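K.L.:
For reference, the chains in residue letters:
There are 2 protein chains.
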Amino acid sequence: MIGLFDSGVGGLTVVRALLEKAPQADFVYLGDTARTPYGNKSPETVERYALEDAEYVIRHGAELVIVACNTASALALPKLQESFPNIPFIGVVKPAAQAAAALGGDKVGVIGTKATVNSGIYEKVVRKYAPGAKVIQKACPLFVPLVEEGMLDDQVTKIMIRRYLTPLRQANVSSLILGCTHYPFLKSSIQRFMGKKVKVIDSANVVIQQAMEEYPALFLPKQDPKQLIAFTDTSSNSDKLASSWLGRPVKGIKAELAPEPVRV
Amino acid sequence: MIGLFDSGVGGLTVVRALLEKAPQADFVYLGDTARTPYGNKSPETVERYALEDAEYVIRHGAELVIVACNTASALALPKLQESFPNIPFIGVVKPAAQAAAALGGDKVGVIGTKATVNSGIYEKVVRKYAPGAKVIQKACPLFVPLVEEGMLDDQVTKIMIRRYLTPLRQANVSSLILGCTHYPFLKSSIQRFMGKKVKVIDSANVVIQQAMEEYPALFLPKQDPKQLIAFTDTSSNSDKLASSWLGRPVKGIKAELAPEPVRV
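Going down the list, the protein sequences come from chains A and B.
Residue numbering for the first sequence follows our numbering, starting at 1 and increasing by one per position.
Residue numbering for the second sequence follows our numbering, starting at 1001 and increasing by one per position.
Just so you know, the hints here were simulated from the structure itself, not pulled from any lab data.
The structure displayed is predicted, hence computed values, not measured ones.
There's no promise every hint is true.
Over the 10 Å line for every Cβ pair with chain B, so calculated as not near, a few chain A residues [as the list claims (entries may be wrong)]: (1) 170; (2) 217; (3) 249; (4) 251.
Partial list, derived from the structure: chain A residues whose beta carbon lies under 7 Å from chain B [unchecked claim]: (5) 34; (6) 35; (7) 45; (8) 141; (9) 142; (10) 159; (11) 162; (12) 228; (13) 230; (14) 233; (15) 235; (16) 236.
Here a beta-carbon is modelled for each residue, glycine too, at the ideal position from N, C-alpha and C.
Please take these sequences and the hints and turn them into a complete structure.
P.N.:
This is the structure in structure tokens:
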């Protein structure tokens, strides 16, 4: 079984990519809607939340965990791997950085939450695979609430796209990594603003591709696949978003996280 | 000692109102920045968080708890009072509703988070004090992220004010309750859009006024006042916001909440 988790509903873009390529795979997805968003919280808090999320999907049978959240991938991957040494973890940062490096070009743009951008992880990983590349980052903190409000094709969203992305367009980046799993919902508007020459990289797709290459057996079709979607805070809104994004009815189950160690 | 809590930094508007009227009072403020925002989460989750927040300020000496968060006031007040029967709780809903009722007028506007608006609490409480009044509500989910981004006087904020408030202006409300502690930061823009005739009610001021009337002894000046500001997730951003809002340097201390009962 494949485990996936995210700070909320954004990681369902990764589930969508999974279902496109392996509609009959077993998976368990956890969205931490009770504590969403992660992107403006501290590294320590994000790390703690990621450990609890991972524990949940592993407890429910995950043999591989896809960290479907850029913020958690940026801040918590080493700690996750250390805490669960027998489970492989794949984050969204490395596959996206590799995809950007593979495209060549000397300037790579990255957009993400404040926490992801402040971590500097994309710069580090892109330059590992493309040592000469210049990485230009921009935090886009309003994109998540705009997506969650469903304002995908709205005047306000267009203004914010222009405002956040103008420096990247002016810098003539050759590719742009969507470093947050909410952002694929704005992909066509972002592509339009950046122009056809800029290759926009959706981390949801590339992470599923990498996971399938490394762990093909987990993606084989099952006769009666177990496909579980859980949220720490269930609401009709997350079900509605999930159903519309995945194109089928979703009724999220209520996830109970294991209690944290005493912190009084 | 006075206790106050909020889902994050917004409740500092209540602390600001407190410091204006009683600069030498003892208080402890908790902002639950690790789980902010509350306004789009479920009633069960908001209730659970409010109990933990209240426990923290009571553990630190609070003899009165001001629930400086409209969402928690709307959803958790009965449970809080039941769980801590010896501590008085004052929420922001009742004082704001009473202030609106006292102004007269047959149409009262209320803006707040989705959770506050969906709870219907303002309608219920306003009509308790002004039985004939019509209450017109509107959820303004983007206001919180806009305020947290410091976009107080921004083109995008003006567009959203126009979009959210046009129905209230068209309905000719005579007063408008700012039913979220973040909204006072937009008060002048909101007042400008609604027009001079509309009385804009800031729940931060009215809740402090009511608390002072009911518990005057707690607001007396102390010689060496204990004034504690704590966050569940400390970051330079919350310190920066708090310092600018309170007009003095703030270094938030890291709050450790008591562990929840086992929920596996």
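K.L.:
Now look at each hint and say whether the structure bears it out.
P.N.:
Taking the hints in turn, this is what the structure says about them:
1. 170: holds, 20 Å
2. 217: holds, 30 Å
3. 249: holds, 20 Å
4. 251: For residue 251 of chain A, whose nearest Cβ neighbour in chain B is about 15 Å away, the distance exceeds 10 Å, so it holds.
5. 34: holds, 5 Å
6. 35: It holds, given that the least Cβ distance between residue 35 of chain A and chain B is near 5 Å, below 7 Å.
7. 45: Result: holds, 5 Å to nearest chain B Cβ.
8. 141: holds, 6 Å
9. 142: holds, 6 Å
10. 159: Since the shortest Cβ distance to chain B is 6 Å, the answer is holds.
11. 162: Residue 162 of chain A check fails; min Cβ-Cβ to chain B is 11 Å, beyond 7 Å.
12. 228: violated, 17 Å
13. 230: Violated, about 14 Å.
14. 233: Status holds, d = 5 Å.
15. 235: holds, 5 Å
16. 236: This hint is violated: residue 236 of chain A lies away from chain B, its Cβ roughly 9 Å from the closest one there, beyond 7 Å.
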